[in-house]
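Please model the entire structure based on the sequences and the hints provided.
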Amino acid sequence: MEHPEIEYDVINHLLFHKSLIDEQNNTEKINYYENMLRKIREGEHITIEDPFDKSIALAFELVIQQHLNPWDIDLVKFSTMYMKKAREEKIDLITAGRIIYMAWKVLKLQSDDLLLIMKTQQQEEEEYTSFNWDDLPVSEMWLTENDPYSYTNLLMKTPEPPLDVPVRRENKRKVTLIELLDAFNQAKKEAEEYQLIEQQRREERERLTQLARKRMKGTTVEDHLEKDIATVWEKIKKFPKKTMSLLDLCEKKEREEIIKVLISILFLAYDNKIIVYQKRFPYGKIFIKNIGYS
Amino acid sequence: MSTKEEKRIIESILFSASKPVSINEIKETTGLNTKKIKKTLEELIEDYNVKRKNETSMEIIKAGDKYTMQLKKQYTDKTIMITQPEIEKHLLKTLTLIAFHQPLKQSNLRRMIGTKAYEHVDQLASMKLIHTKKHGTTEMLTTTKLFPEYFGIDATDPEEIKNFLMKKTIEKTKQQR
Amino acid sequence: MSTKEEKRIIESILFSASKPVSINEIKETTGLNTKKIKKTLEELIEDYNVKRKNETSMEIIKAGDKYTMQLKKQYTDKTIMITQPEIEKHLLKTLTLIAFHQPLKQSNLRRMIGTKAYEHVDQLASMKLIHTKKHGTTEMLTTTKLFPEYFGIDATDPEEIKNFLMKKTIEKTKQQR
Numbered sequence: 001m002e003h004p005e006i007e008y009d010v011i012n013h014l015l016f017h018k019s020l021i022d023e024q025n026n027t028e029k030i031n032y033y034e035n036m037l038r039k040i041r042e043g044e045h046i047t048i049e050d051p052f053d054k055s056i057a058l059a060f061e062l063v064i065q066q067h068l069n070p071w072d073i074d075l076v077k078f079s080t081m082y083m084k085k086a087r088e089e090k091i092d093l094i095t096a097g098r099i100i101y102m103a104w105k106v107l108k109l110q111s112d113d114l115l116l117i118m119k120t121q122q123q124e125e126e127e128y129t130s131f132n133w134d135d136l137p138v139s140e141m142w143l144t145e146n147d148p149y150s151y152t153n154l155l156m157k158t159p160e161p162p163l164d165v166p167v168r169r170e171n172k173r174k175v176t177l178i179e180l181l182d183a184f185n186q187a188k189k190e191a192e193e194y195q196l197i198e199q200q201r202r203e204e205r206e207r208l209t210q211l212a213r214k215r216m217k218g219t220t221v222e223d224h225l226e227k228d229i230a231t232v233w234e235k236i237k238k239f240p241k242k243t244m245s246l247l248d249l250c251e252k253k254e255r256e257e258i259i260k261v262l263i264s265i266l267f268l269a270y271d272n273k274i275i276v277y278q279k280r281f282p283y284g285k286i287f288i289k290n291i292g293y294s
Numbered sequence: 295m296s297t298k299e300e301k302r303i304i305e306s307i308l309f310s311a312s313k314p315v316s317i318n319e320i321k322e323t324t325g326l327n328t329k330k331i332k333k334t335l336e337e338l339i340e341d342y343n344v345k346r347k348n349e350t351s352m353e354i355i356k357a358g359d360k361y362t363m364q365l366k367k368q369y370t371d372k373t374i375m376i377t378q379p380e381i382e383k384h385l386l387k388t389l390t391l392i393a394f395h396q397p398l399k400q401s402n403l404r405r406m407i408g409t410k411a412y413e414h415v416d417q418l419a420s421m422k423l424i425h426t427k428k429h430g431t432t433e434m435l436t437t438t439k440l441f442p443e444y445f446g447i448d449a450t451d452p453e454e455i456k457n458f459l460m461k462k463t464i465e466k467t468k469q470q471r
Numbered sequence: 472m473s474t475k476e477e478k479r480i481i482e483s484i485l486f487s488a489s490k491p492v493s494i495n496e497i498k499e500t501t502g503l504n505t506k507k508i509k510k511t512l513e514e515l516i517e518d519y520n521v522k523r524k525n526e527t528s529m530e531i532i533k534a535g536d537k538y539t540m541q542l543k544k545q546y547t548d549k550t551i552m553i554t555q556p557e558i559e560k561h562l563l564k565t566l567t568l569i570a571f572h573q574p575l576k577q578s579n580l581r582r583m584i585g586t587k588a589y590e591h592v593d594q595l596a597s598m599k600l601i602h603t604k605k606h607g608t609t610e611m612l613t614t615t616k617l618f619p620e621y622f623g624i625d626a627t628d629p630e631e632i633k634n635f636l637m638k639k640t641i642e643k644t645k646q647q648r
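Chains as they are written, first to last, in the working numbering: chain Y, 1 to 294; chain L, 295 to 471; chain R, 472 to 648.
For the record, the hints were derived by calculation from the structure and aren't laboratory data.
Sample of chain L residues with no beta-carbon within 12 Å of chain Y, all distances over it, derived: (1) Glu322; (2) Thr324; (3) Asn343.
Simulated DEER-style distance windows between Cβ atoms: (4) Lys498/R x Glu179/Y: 32 to 42 Å; (5) Lys605/R x Gly408/L: 38 to 48 Å; (6) Glu179/Y x Thr627/R: 20 to 30 Å; (7) His429/L x Gly535/R: 50 to 60 Å; (8) Asn495/R x Arg405/L: 44 to 54 Å; (9) Glu254/Y x Pro629/R: 47 to 57 Å; (10) Asp548/R x Lys279/Y: 38 to 48 Å; (11) Lys587/R x Thr231/Y: 28 to 38 Å; (12) Lys330/L x Lys605/R: 56 to 66 Å; (13) Lys510/R x Glu465/L: 28 to 38 Å.
Just so we're clear, the structure is a prediction, and the values are computed from it rather than from any experiment.
C-beta atoms are modelled at their ideal positions from N, C-alpha and C, and glycine is treated no differently.
Structure below.
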């Protein structure tokens with residue numbers, strides 16, 4: 001409550017779950033818990049009557065009060081604290097146990113291996129040996145199907161990715177004559193097709209630019225644009241490399257500046273001074289190649 | 295043609311292909327029928343991975359729908375100086391996330407790993423390991439057929455891939471302890 | 472006698488290097504001493520080429536000062552179509568256009584195939600298959616001496632190469648009918 005950053009984390013955590021779940025039903029539940037979290041912030045958790053919900057509220061409260069990172073909860077520590085708090089708040093222990101079970105399902109992979117570690121650690125803490133993991137109900141509850149989250153969490157914490165790149169032989173042979181001729185045939189065909197498409201594109205570009213220039217004629221926009229284009233062209237010419245990215249040409253990395261530079265480079269590309277290309281549409285970086293660079 | 299000779303021919307194909315090969319590719323090259331090829335591949339797998347297990351550093355495995363000869367895991371680190379560089383660890387993790395959650399929205403991947411998601415998606419798509427498909431304002435990400443082939447995973451459908459990754463991750467976690 | 476593990480490590484290097492490796496390279500990767508490496512290589516040669524002669528399609532041979540694992544001659548023809556060619560298909564297409572139209576301005580190549588022309592020219596030049604020479608604001612592209620050598624074309628001057636490509640293509644088209 002007093003720690004806004006952690007609260008934000010908890011909300012984020014819930015939103016993350018929401019984004020992974022497509023079923024209407026589960027989203028509704030998460031919305032409900034989100035709402036509950038807001039109520040806890042406003043000190044309203046006392047009004048929750050359903051023991052199950054109250055138990056959940058308690059879990060949230062604990063995370064917030066103890067400054068736990070919801071992305072990285074030490075489950076043994078958490079369950080110890082939680083069971084203690086549940087006793088204090090007089091929440092029925094079966095419900096509380098279900099919550100812990102659920103949390104365990106959510107946060108860790110359901111592997112015998114991990115369960116074993118939990119058990120051993122649990123036994124070391126004598127105080128809570130009475131709490132038996134095997135007695136927990138294996139009923140279907142919200143988020144129990146949410147192993148994707150626990151997997152993501154585990155993977156992010158594992159330094160080594162699970163995929164190994166195998167070593168295979170890098171065998172290469174020379175190109176056969178038939179392949180060479182095939183390639184020649186195809187290249188001729190493709191080049192002809194490409195030229196046809198380019199021609200159509202050029203005509204369409206020409207038409208659009210004429211139209212745009214006509215519209216801007218005599219306006220202040222035109223003056224600015226000419227000036228901007230000149231400035232950007234100077235920058236490209238002075239750039240120490242033949243190829244640069246759009247951002248290399250922007251002084252400030254602000255939206256307005258980027259748009260200004262982008263429009264200028266589009267005109268320069270139209271004038272055949274540079275080539276503009278993007279590695280992947282629509283989020284890939286935009287690159288500029290100075291044709292006359294030597 | 296004797297069975298021994300067929301075995302040698304299929305072995306030589308696996309050795310020289312540099313990438314996993316399909317039964318159809320073997321068929322086209324050798325003219326043998328599918329049944330015979332399958333039988334011979336099984337025998338080769340048995341030879342390399344069981345009978346001669348301790349007398350070779352190579353293994354023959356099923357990768358996706360294809361077959362390949364590759365180094366056994368325990369020898370890959372030892373030859374690393376001689377062979378090509380690996381894919382960056384972070385990129386492998388991102389790929390794992392996509393493979394595990396597939397179909398995964400790019401916007402969700404962004405929530406998981408931040409803005410580097412875009413760059414990673416670009417790289418993985420250009421390596422042909424993932425597909426991207428427009429989905430409203432975001433992209434839907436899935437792994438390609440190349441994915442299991444590339445990593446030598448004997449699984450083709452998303453559910454099997456998921457299980458494989460789950461198992462592998464747990465193994466790796468164990469190793470670190 | 473070298474240990475089993477040493478043998479497997481050196482075998483794995485020969486397998487994955489895909490090209491002849493020197494004793495020094497093996498030394499750098501494994502940390503084993505020269506004598507041990509030589510001994511192990513001899514044993515591996517004995518294993519592959521004598522003891523297990525009929526049970527493998529591979530052989531280990533000494534090539535100059537280096538060692539390599541390769542297919543036995545009788546199996547190489549059978550695997551030719553499955554092995555990857557050194558030059559990628561799309562790069563090969565660009566190369567044939569240059570060979571046919573040479574001397575070809577880079578700006579014209581760009582008109583034929585789009586912006587990928589620049590990347591391809593860079594790659595082909597680094598493979599020493601084409602020359603680039605400044606010509607005003609663009610580059611002039613020609614094939615190198617390596618080009619006919621690489622493809623086993625009995626022609627050296629551009630006109631001959633052009634004719635060769637033309638003639639062969641026509642022949643092939645006829646065959647397909």
